[in-house]
Amino acid sequence: MKLHLCALALVALAGLLQNTSLVTVAGVKPNLVLAVFAALAFAPLGMVWFLTLVALGALLVYFPGAASELAVLAALIVLMFALAPRIPAKAAVAVPLAAALATLAFYLIIDVSLVTDRLDALLIELVYNATVALAASGLVTRVVVHEAPFRDPLRRSRL
Amino acid sequence: MRTYLLLAGTWIAVVVLLLSSGSALASRGSVANDVANFLGRPFTFLASFVQYREAAELVKTLSFENEALKAKLVALGKSPRPQIVDSQPQVFARVYSQYPFNTHGFVSINAGADQGVAAGDAVTIGGYIFIGQVARVYADHSTVRTIFDPSWKLPVKVREDVVDGLLVGGRTPLVTLIANEHEVERGDAIYTASREFLFGLTVGTVHTLTNDPGQAFQEATLSVPYKLSDVQEVTVIL
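Chain order of the listed sequences is P and W. Quick note on numbering that gives the first Met the number 0: the first sequence kicks off at 0 and runs consecutively. Quick note on numbering that gives the first Met the number 0: the second sequence kicks off at 0 and runs consecutively.
Not one of these hints is a red herring.
Beta-carbon label-pair distances, calculated as ranges:
{"#": "1", "chain 1": "W", "residue 1": "39", "chain 2": "P", "residue 2": "116", "range": "24 to 32 angstroms"}
{"#": "2", "chain 1": "P", "residue 1": "64", "chain 2": "W", "residue 2": "178", "range": "29 to 37 angstroms"}
{"#": "3", "chain 1": "W", "residue 1": "170", "chain 2": "P", "residue 2": "50", "range": "30 to 38 angstroms"}
{"#": "4", "chain 1": "P", "residue 1": "24", "chain 2": "W", "residue 2": "93", "range": "23 to 31 angstroms"}
{"#": "5", "chain 1": "W", "residue 1": "57", "chain 2": "P", "residue 2": "78", "range": "46 to 54 angstroms"}
{"#": "6", "chain 1": "W", "residue 1": "170", "chain 2": "P", "residue 2": "85", "range": "30 to 38 angstroms"}
{"#": "7", "chain 1": "P", "residue 1": "47", "chain 2": "W", "residue 2": "87", "range": "51 to 59 angstroms"}
{"#": "8", "chain 1": "W", "residue 1": "186", "chain 2": "P", "residue 2": "92", "range": "44 to 52 angstroms"}
Keep in mind that the hints were calculated from the coordinates and are not lab data. In this text, a Cβ means the ideal position worked out from N, Cα and C, and glycines have one as well.
Please take these sequences and the hints and turn them into a complete structure.
In structure tokens:
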């Protein structure tokens with residue numbers, strides 16, 4: 000229960016803040032939603048819950064004209080969820096790496112000019128997303144350990 | 000059991016958001032702004048003590064007004080018809096939210112077709128500092144493409160309408176295609192020169208100049224008298 004509440008709170012906060020300028024650094028906005036979901040992909044959340052959170056996050060981030068970008072983002076997040084159990088690395092390594100790779104894949108799909116012409120902005124965002132993902136993963140891990148200290152962290156719940 | 004209830008509640012929220020009108024989805028941006036402002040308060044306190052926060056806000060507001068007035072004075076001097084901007088119908092709007100990704104420089108505002116806004120209208124601060132153009136119009140909200148959008152190019156004039164240039168949007172907007180024979184200096188004002196907008200709206204000033212003798216044109220970075228993240232209210236010139 001605490002894990003689900005924690006995940007819901009993280010997604011709601013990331014979704015609300017994504018469209019504000021609160022967390023902009025050096026003119027670069029992090030992808031809070033992608034970072035939070037990179038952490039949640041490695042948490043013992045079931046598929047139903049995860050997809051529910053993806054739907055909620057996408058609707059909170061919605062901006063007119065950004066439907067295609069949101070669809071790509073959602074697809075990448077679901078892909079992270081599907082691949083997470085197969086990654087043998089520890090969460091402390093896998094989560095920021097997943098966030099960085101997903102960020103790179105996102106821009107390669109929707110706007111390759113950010114990779115070719117604005118590499119400095121991309122690098123700042125890569126580091127930013129990886130850091131936020133690691134922080135979110137730390138919080139989720141504490142909640143998971145507190146709630147079920149002897150549960151296998153890779154075993155997903157039925158929901 | 001509680002987990003199922005929480006899941007059901009979340010799905011109800013999803014369905015409500017999905018079935019909401021576009022204005023409701025845009026309006027959640029104002030909630031997000033309030034959340035962001037609330038969460039930003041501790042950082043503001045750490046940066047400048049509580050007793051100076053109000054003063055900092057006041058300085059910011061006065062700075063915008065000062066820049067708008069300066070731009071107005073210059074525009075009055077240049078305009079072939081006096082008081083032209085004051086006679087234009089205008090709409091004041093609040094900035095709802097910003098584009099969620101770094102690929103575009105869009106913001107959404109709470110004025111749309113119902114308020115007389117049309118695609119292509121100039122969006123300014125105080126009526127004279129140009130920040131962008133209305134891109135899409137809905138019933139009660141619109142999206143605005145700002146000069147920070149990387150895919151936007153806009154003809155501009157530099158320094159008393161003598162020098163032509165092309166503003167290229169982005170995280171740091173650039174003014175390109177400035178002919179080498181013109182001596183452009185740091186601090187020179189940059190104005191809109193597109194037929195789509197009122198002539199002479201201030202865009203910003205020259206910050207740094209790149210003059211490569213091997214190139215046919217000079218290039219300048221733009222300095223603007225505001226931070227887009229601080230802009231809460233805009234004026235749409237109809």
